Amino acid sequence: MTSTATISTTSSVLDVERIRADFPLLQRVVNGYPLVYLDNAATSQKPTAVIRAIDDYYQMHNANVHRGVYTLSEEATEAYEGARRKVARFINARSYREVIFTRNATEAINLVAYAWGGANVGKGDEIIVTDMEHHSNFVPWQLLAQRTGATLRFIPVTPTGQLDLAVYNTLLSPRTRIVAFTGMSNVLGTITPASEIIERAHAVGARVLLDASQLVPHKGIDVQVMGADFVAFTGHKMLGPTGIGVLWGQRALLEEMPPFLGGGDMIKEVYHATSTWNELPWKFEAGTPSIAEGIGLGAAVDYLTAVGMDKIHAHERAITSYALERLNALGGITLYGPPADRRGGVVAFNVEGIHPHDLASMLDQRGVAVRAGQHCAQPLIDHLGVTATARASFYLYNRIDEVDTFVDALDAAKQVFGV
Amino acid sequence: MDAMYREHILDHSQNPRNYGTLDEPVTIRREEYNPLCGDRLTVEMRVEGDTVTAVRFHGHGCAISQAAMSMLSEAMVGKTVDEVKQLSKEDLLDMLGIPISPVRLKCALLSLKAVKAGVYGVPEWAEDEDE
Numbered sequence: 001m002t003s004t005a006t007i008s009t010t011s012s013v014l015d016v017e018r019i020r021a022d023f024p025l026l027q028r029v030v031n032g033y034p035l036v037y038l039d040n041a042a043t044s045q046k047p048t049a050v051i052r053a054i055d056d057y058y059q060m061h062n063a064n065v066h067r068g069v070y071t072l073s074e075e076a077t078e079a080y081e082g083a084r085r086k087v088a089r090f091i092n093a094r095s096y097r098e099v100i101f102t103r104n105a106t107e108a109i110n111l112v113a114y115a116w117g118g119a120n121v122g123k124g125d126e127i128i129v130t131d132m133e134h135h136s137n138f139v140p141w142q143l144l145a146q147r148t149g150a151t152l153r154f155i156p157v158t159p160t161g162q163l164d165l166a167v168y169n170t171l172l173s174p175r176t177r178i179v180a181f182t183g184m185s186n187v188l189g190t191i192t193p194a195s196e197i198i199e200r201a202h203a204v205g206a207r208v209l210l211d212a213s214q215l216v217p218h219k220g221i222d223v224q225v226m227g228a229d230f231v232a233f234t235g236h237k238m239l240g241p242t243g244i245g246v247l248w249g250q251r252a253l254l255e256e257m258p259p260f261l262g263g264g265d266m267i268k269e270v271y272h273a274t275s276t277w278n279e280l281p282w283k284f285e286a287g288t289p290s291i292a293e294g295i296g297l298g299a300a301v302d303y304l305t306a307v308g309m310d311k312i313h314a315h316e317r318a319i320t321s322y323a324l325e326r327l328n329a330l331g332g333i334t335l336y337g338p339p340a341d342r343r344g345g346v347v348a349f350n351v352e353g354i355h356p357h358d359l360a361s362m363l364d365q366r367g368v369a370v371r372a373g374q375h376c377a378q379p380l381i382d383h384l385g386v387t388a389t390a391r392a393s394f395y396l397y398n399r400i401d402e403v404d405t406f407v408d409a410l411d412a413a414k415q416v417f418g419v
Numbered sequence: 001m002d003a004m005y006r007e008h009i010l011d012h013s014q015n016p017r018n019y020g021t022l023d024e025p026v027t028i029r030r031e032e033y034n035p036l037c038g039d040r041l042t043v044e045m046r047v048e049g050d051t052v053t054a055v056r057f058h059g060h061g062c063a064i065s066q067a068a069m070s071m072l073s074e075a076m077v078g079k080t081v082d083e084v085k086q087l088s089k090e091d092l093l094d095m096l097g098i099p100i101s102p103v104r105l106k107c108a109l110l111s112l113k114a115v116k117a118g119v120y121g122v123p124e125w126a127e128d129e130d131e
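Keeping their order, the protein sequence lines are chains A and B. Every letter in the first sequence is one number past the one before it in this note's numbering, and letter 169, counting from 1, is 169. Every letter in the second sequence is one number past the one before it in this note's numbering, and letter 49, counting from 1, is 49.
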């Protein structure tokens with residue numbers, strides 16, 4: 001099948017070719033075909049600047065942070081804490097003290113569920129999550145409910161893949177202690193009306209945790225404008241390395257909270273019977289942190305800032321619209337999620353008569369990397385009434401003509417299966 | 001593109017043999033689930049004396065898991081329970097006759113896992129094997 005593209009494959013708000021030159025991995029050939037990497041919702045590729053920052057740290061500055069008085073340790077501390085300040089500026093936090101480095105978004109959410117939840121949620125209280133959460137923003141709350149005797153409530157998903165705010169209104173009550181929801185679904189791509197959800201939660205006195213794992217890499221965030229109490233995201237989905245995530249929290253809340261993990265670096269004074277805690281953010285960073293990874297995330301933030309989050313979002317929106325258009329034209333495709341203007345660069349779909357795993361295997365034979373399965377969101381997949389879906393997800397370095405390669409490979413797979 | 005999806009694989013996955021539910025008496029029934037992809041498989045066997053006389057399976061999964069179960073079900077009928085216990089990963093891969101990447105091995109082996117767990121009557125079978 002040949003493309004009937006009406007959208008130019010070269011014009012973009014971004015200079016994609018120039019961006020691609022910064023990502024060595026995108027030069028790879030897979031199974032004899034140039035790689036088409038469409039699994040960005042799972043993890044992103046890394047630019048040379050990030051790889052070099054990590055390399056440079058280990059080659060030139062490696063030492064433990066916050067301890068040594070010698071030159072190397074000072075350099076390592078400056079680089080690691082410098083990365084924290086970069087992240088704080090990137091999300092417009094009032095202070096670097098509100099930026100806690102964790103291992104990933106999952107750990108950031110668990111930190112809140114344990115430390116804040118343990119102190120503030122009890123029997124008879126309610127926790128509201130949504131039916132479109134990644135397991136990372138679902139299971140920690142389920143565990144908290146089990147530990148405390150609190151009740152978990154769910155905001156359902158509408159047939160167009162959006163949160164049902166009418167039901168949300170009926171779930172909110174003075175018993176609601178926290179509302180935890182995603183800013184952008186990793187399956188449907190839905191960009192949720194976060195400010196509205198947050199305002200309504202605050203109106204009943206509840207706290208809010210926003211899972212911004214998909215939102216921050218693709219749209220950015222201004223935590224002061226957003227108004228959530230906690231925001232969690234991860235480095236590896238935003239051009240940074242694995243092993244580094246971020247919890248941002250309102251300072252007053254973080255000050256009140258007991259620590260999460262105990263150990264070195266998070267303490268001020270330690271005695272046999274008791275200890276006192278370090279200042280923010282280190283109170284929540286027990287043990288030697290992911291130093292190189294933090295520095296790598298700082299470099300990723302520099303890169304994204306230089307490109308511009310508005311441009312990245314506009315580019316992904318154009319690619320996604322085109323992908324939806326071409327998939328619709330192909331026929332035999334079920335698309336999940338909201339219309340293009342309500343979603344980020346994620347397209348979940350099924351091809352009638354082909355299991356998504358088989359589809360992903362066949363696309364891989366053409367060098368096209370897509371995800372197949374439940375996307376760590378079993379409640380949502382159940383809601384869609386399927387056992388699995390395929391998913392393509394885009395980022396700043398994807399060319400519009402990669403959509404053509406992807407859809408043509410889908411078409412070829414349909415021929416093989418005779419559907 | 002179709003190294004894995006040869007004609008016999010597509011044939012077995014699109015027209016699986018022994019698909020359905022076994023009428024009573026059912027001697028062994030076993031369900032297995034692959035949480036990574038959501039594939040779910042139930043295998044039912046009738047054993048008369050020492051011999052497997054009938055097999056049915058149902059559930060949903062990818063072409064590889066369905067074709068593997070279809071082929072395995074054909075191979076099992078007429079074998080003794082001890083012979084079924086001897087069926088190995090290599091036997092199943094020989095039946096499939098296609099290159100299976102490490103990632104897809106779980107798909108292919110879901111059927112064998114169900115069968116083995118059924119005939120041994122223990123859920124831990126697969127964990128002991130080097131998959």
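Since the hints were derived computationally from the structure, they do not count as laboratory data. The structure displayed is predicted, hence computed values, not measured ones. Careful, some of the hints might be misleading.
[Claimed, not checked] Pair ranges (Cβ atoms, derived): (1) B/Asp-11 - A/Thr-242: 55 to 65 Å; (2) B/Thr-80 - A/Lys-123: 49 to 59 Å; (3) A/Thr-48 - B/Asp-91: 21 to 31 Å; (4) A/Pro-193 - B/Ser-101: 37 to 47 Å; (5) B/Pro-35 - A/Asp-222: 57 to 67 Å; (6) B/Gly-20 - A/Leu-253: 56 to 66 Å; (7) B/Asn-15 - A/Leu-253: 56 to 66 Å.
[What the hints assert, rightly or not] Calculated pairs, SDA-like style, for lysine to any residue (alpha carbon to alpha carbon, straight line, at most 25 Å): (8) B/Lys-79 - B/His-58; (9) B/Lys-106 - A/Ile-381; (10) A/Lys-268 - A/Thr-288; (11) B/Lys-106 - A/Thr-288; (12) A/Lys-311 - A/Gln-224; (13) B/Lys-106 - A/Arg-147; (14) B/Lys-79 - B/Tyr-120; (15) B/Lys-106 - A/Ala-369.
By construction, the Cβ of each residue, glycine as well, lies at the ideal position given by its N, Cα and C atoms.
Against the structure, the hints:
| no. | hint | verdict |
| --- | --- | --- |
| 1 | B/Asp-11 - A/Thr-242: 55 to 65 Å | violated (42 Å) |
| 2 | B/Thr-80 - A/Lys-123: 49 to 59 Å | holds (57 Å) |
| 3 | A/Thr-48 - B/Asp-91: 21 to 31 Å | violated (48 Å) |
| 4 | A/Pro-193 - B/Ser-101: 37 to 47 Å | holds (42 Å) |
| 5 | B/Pro-35 - A/Asp-222: 57 to 67 Å | violated (37 Å) |
| 6 | B/Gly-20 - A/Leu-253: 56 to 66 Å | holds (57 Å) |
| 7 | B/Asn-15 - A/Leu-253: 56 to 66 Å | holds (60 Å) |
| 8 | B/Lys-79 - B/His-58 | holds (21 Å) |
| 9 | B/Lys-106 - A/Ile-381 | holds (21 Å) |
| 10 | A/Lys-268 - A/Thr-288 | holds (15 Å) |
| 11 | B/Lys-106 - A/Thr-288 | violated (37 Å) |
| 12 | A/Lys-311 - A/Gln-224 | holds (21 Å) |
| 13 | B/Lys-106 - A/Arg-147 | violated (34 Å) |
| 14 | B/Lys-79 - B/Tyr-120 | holds (15 Å) |
| 15 | B/Lys-106 - A/Ala-369 | holds (19 Å) |
Hint violations for this structure: numbers 1, 3, 5, 11 and 13, all remaining hints satisfied.
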